[in-house]
Amino acid sequence: MLSSKSGLKGVWFILPAVVTLLVLITYPLIYGAYISFFDTNLITKWDFVGLKYYVDIFSNSEFLNRILLTLHYTFWVVVGHFIIGTGLALILNMKLKGITVFRVILILPWLFPEVVVGLLWKWLFNPMYGLFNAVLMNWGWIDDPVSWLGNEQTAFAAVIVVSIWKGFPMVMMLLLAGLQSIPEDVYEAAKIDGCTRSTAFRYVTLPALMPVMVVTLILDTVWWFKHFTMIWILTQGGPGNATNVVSIDIFKQAFDFFNFGKASAMAILVFFVCWLMGYGYRRLFGNGDD
Amino acid sequence: METTKRKFSIFNTGMYAILIVASCLVLIPTLWMVSTALKSNEEVMITPPKWIPDNPTFESFTRIWKDYPFLDYFLNSVFIVAVSTFITIAFAALAGYGASRFKFRGKGTFLSFLLVTQMFPSIMLLIPFYKVLKTFGLIDSHWGLIVVYIAFALPMCTWMMLGFFQGIPRELDEAAMIDGCSQIRTFVQIILPLSLPGIAATAIYSFLMGWNEYMFAFILVTTETMKTLPVGIGQLNGFYKVVWNDMMAASIISSLPLIVLFLFMQKYFISSLTAGAVKQ
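These protein sequences, in sequence, are chains A and B. Following the working numbering, the numbering of the first sequence begins with 1 at its first residue and continues without gaps. Following the working numbering, the numbering of the second sequence begins with 1 at its first residue and continues without gaps.
With the rest of the complex left out, here is chain A (with noise of 0.2 angstroms):
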């Protein structure tokens, strides 16, 4: 029934979602790449400076340093999500009385704006008048207040934390959506072939998930590599270069140095990182179809 006719008229459909793309997508990006050639004020100068900043960024190590960061930050933030939302997942997906009071419950951190999150914990981690402070002096854990967010070594730690409680409720639920779209008979037939419940985890739920747990890994990994209002909110970076991770970098150099030029190479830099470690988990993980 799909005519040859057809095909033109499928380009119809999509044509609004194409143009869109490509005026508001494609073209900002590859002006991005453009303006990464220039020293510029985004007004009246525009000095073309060739791969000046690209070759700026890797001749000392501060860029370098900052992705290590953001790496080491990415990864304990992703390994919290999973390690939280898989266990977290598997247990709602059992028939138990009352869990979806526990599923509405577990997923309000991703219900509230990241906003509203960095600036929740901002109060509880209050070195002052904060919740944090108070419940530990009162344990006997801590003598004085600690200014959790104030001190680098305890602000990366207060970061990650955040984010793990922001994140988690993601990886939960679209874990869980993949646990339920396992029909019930594979399990009654691994049952009949004479699987426990450990074996049919290992030979039933896990190669049945293994897909939508690779989605789920590449997503999170790139989001949380490239977050920025959470942390913005809770230190700005800050303090010295402690939380310092390379969107918050390209966006103070930017909007405070104006070195839009450096910033927009900086950009272009992380995007090929994002996309590397989207590639590298599809060959590492990759079910070969796509």
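If you are wondering where the hints come from, they were derived from the structure by calculation, not from laboratory data. Check before you lean on any hint, since a few could be wrong.
What follows is a list of derived Cβ distance ranges for each label pair [as the list claims (entries may be wrong)]:
(1) 236/A x 141/B: 22 to 30 angstroms
(2) 196/A x 264/B: 37 to 45 angstroms
(3) 235/B x 188/A: 52 to 60 angstroms
(4) 30/B x 144/A: 22 to 30 angstroms
(5) 47/B x 275/A: 45 to 53 angstroms
Just some of the chain B residues that point at chain A, by a computed CB distance under 10 angstroms [stated by the list, open to error]:
(6) 25
(7) 124
(8) 187
As a list, the in silico BS3-like pairs of lysine-lysine whose alpha-carbon atoms are at most 27 angstroms apart [claimed, not checked]:
(9) 267/B x 95/A
(10) 134/B x 52/A
(11) 191/A x 97/A
(12) 97/A x 267/B
(13) 252/A x 131/B
(14) 134/B x 45/A
(15) 134/B x 252/A
(16) 95/A x 191/A
(17) 45/A x 131/B
(18) 252/A x 52/A
(19) 9/A x 134/B
(20) 267/B x 9/A
(21) 45/A x 252/A
(22) 52/A x 131/B
A quick note: this is a predicted structure, and the numbers were derived from the prediction, not measured. Note that the Cβ used here is the ideal one computed from N, Cα and C, for glycine as well.
Could you slot chain B onto chain A? The hints should help.
Just chain B now, kept in the frame of chain A:
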């Protein structure tokens, strides 16, 4: 039989214990937000802090509307998010339908491009958008932000709609066409009504994106009364004096629409999200 039953209930108890601990870790910060919002200015600054305020008051909730341009922030966000969600859904539904029903050259490229957009950091777009919108006089305008939010939500929304349309049998289209419906009429009159749950889910996604977005709104809008909710709340985090109870009240109010929306739609939302993200 007896022993397996007992083992089973110990297992269940363990599971409940994990769920309760996890729920507490979620609820304690959340309840602390509520508790703070209900405190008076003096009571916020008491050490050690109290869980239940001595004189719970709704002062913060009324003050944010009176002392800050909170109503402006709220209405700005509603307007921007409503318009961008509407346009995003229209385009995403058309594209999702087109990609689910037709074969055409470049379809694979189109679909992979949608995924690639999830890969790059949005900060890459911030600088070019800033320049382009400046050129067109759209800085400090709601339309500038609407355009940005459409660009952000469209790729994922198209994937979600595609997944949804693929679940609707093609025989329906064919039957309608045999009855003499044009392609576009088939889409609007037969398929769209069936895909309302998918549209709802996609709309939530787009709504969440716009309602939460901070970085672009922070840079692209500078006039106080034009700002969106996240930026407005973010700047309550002021330099010299931080009024925590007001900030927590504002936080609660800005989170409520999302929570309410989600509670009504969660079933559709989760299944559509995975249909789009996972079943490729």
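Each hint, compared with the structure:
no., hint, in the structure
1, 236/A x 141/B: 22 to 30 angstroms, "holds, 27 angstroms"
2, 196/A x 264/B: 37 to 45 angstroms, "holds, 40 angstroms"
3, 235/B x 188/A: 52 to 60 angstroms, "holds, 57 angstroms"
4, 30/B x 144/A: 22 to 30 angstroms, "holds, 28 angstroms"
5, 47/B x 275/A: 45 to 53 angstroms, "holds, 49 angstroms"
6, 25, "holds, 7 angstroms"
7, 124, "holds, 4 angstroms"
8, 187, "holds, 8 angstroms"
9, 267/B x 95/A, "holds, 17 angstroms"
10, 134/B x 52/A, "holds, 26 angstroms"
11, 191/A x 97/A, "holds, 24 angstroms"
12, 97/A x 267/B, "holds, 18 angstroms"
13, 252/A x 131/B, "holds, 16 angstroms"
14, 134/B x 45/A, "holds, 15 angstroms"
15, 134/B x 252/A, "holds, 19 angstroms"
16, 95/A x 191/A, "holds, 17 angstroms"
17, 45/A x 131/B, "holds, 13 angstroms"
18, 252/A x 52/A, "holds, 19 angstroms"
19, 9/A x 134/B, "violated, 37 angstroms"
20, 267/B x 9/A, "violated, 33 angstroms"
21, 45/A x 252/A, "holds, 20 angstroms"
22, 52/A x 131/B, "holds, 21 angstroms"
Hints 19, 20 from the earlier list are contradicted by this structure; the remaining hints agree with it.
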